[in-house]
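Just need the whole structure built from these sequences, with the hints factored in.
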Amino acid sequence: MTLTYDGYTNQVSASTASYMNSAYRSLNRTTNSLLASLDILRPRTAVTVNSIDDLVDQDVADINDAIATATDTIGKNQAADAAIATIYDKLEAMRDLVQDVAIGTLSEAQVAAKDTEYQTLAGEITSLLTDTVYEAVPVLSGSDAVATLSLSEITGMSLTDLPDGALGDIGTAMTDVGLARSELSTETSELTATVAGLQAQSTELAGLSARVTTAREALGVLSMTTQLIMTQVTAALAAQRTYLSSRIDNLVGVNFIG
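Under our numbering, residues 1 to 258 are what the sequence shown spells out, in order.
Bear in mind the hints are in silico, worked out from the structure with no lab data behind them. Among the hints, erroneous ones may be present.
Stated by the list, open to error - Restraint ranges, calculated between C-beta atoms of paired labels, are given here:
1. I103 x D176: 48 to 54 Å
2. A82 x A196: 20 to 26 Å
3. L208 x T186: 29 to 35 Å
4. S150 x A200: 20 to 26 Å
5. A200 x A93: 42 to 48 Å
6. S143 x Q58: 29 to 35 Å
7. L55 x G168: 28 to 34 Å
Even glycine gets a Cβ: it sits at the ideal position worked out from N, Cα and C.
As structure tokens, this is what we get:
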């Protein structure tokens, strides 16, 4: 058997080799470029989304804590304000009793009757100062008090032995009580505005959280797409290699002359 190899065969072989080299170079460049892009994009995007997600969760937790604290203080202030308003009204009634006795025209029995009314009001004020609570926490006494009123001199007064300056003392106490109500009202208004602002921020963060979730879902799709592309690229490379190898085998086989 004689093996011959003519010029035409040489030309076809060279052409086939050139085609193979060109095809592999093109496919290699495309594949590398695609995979490089995916490798760079995927980890950076994942880190960014996860970081944002963590920040959102932390901010939401902080905001919820702040809202809870502010709301708790508002509740305490409102409970204290209601009690202080009642105390103010009782002080007014006590002032009127003192005025009646201070005139000096009442009999001892009448003064004693006035003093009985006074002592009843004083006891009610003392109870309000010690027993006014919000969620079992005293708000006008103790370390958690939102307002402190010093009324022991007024509540300890006796009309049967009326001290000098009693009316002035009650007037001062009423002024202090009114000031305490004003301060509580201001603080409550500020806290209410703060809660509204925090709730608005929480709403915005909820929207951001939804967008982060969407981004995470998109990353999941990207990951699946990446795997699909890599599978397709691998299959394409294998198919191209098989196809080109087949052409070479056919080419070589044609030129074996027996």
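A quick look at each hint next to the structure:
1. For I103 and D176, the Cβ-Cβ distance of about 26 Å falls outside the hinted range of 48 to 54 Å, so the restraint is violated.
2. A beta carbon spacing of about 22 Å between A82 and A196 agrees with the range 20 to 26 Å that was offered as a hint.
3. Between L208 and T186 the Cβ separation comes to about 33 Å, which falls inside the hinted range of 29 to 35 Å.
4. Between S150 and A200 the CB atoms are about 40 Å apart, so this pair departs from the stated range of 20 to 26 Å.
5. For A200 and A93, the hinted distance range of 42 to 48 Å is satisfied, since their beta carbons lie about 45 Å from each other.
6. The supplied range of 29 to 35 Å is met by S143 and Q58, whose beta-carbon atoms lie about 30 Å from each other.
7. At about 59 Å, the CB distance of L55 to G168 disagrees with the hint of 28 to 34 Å.
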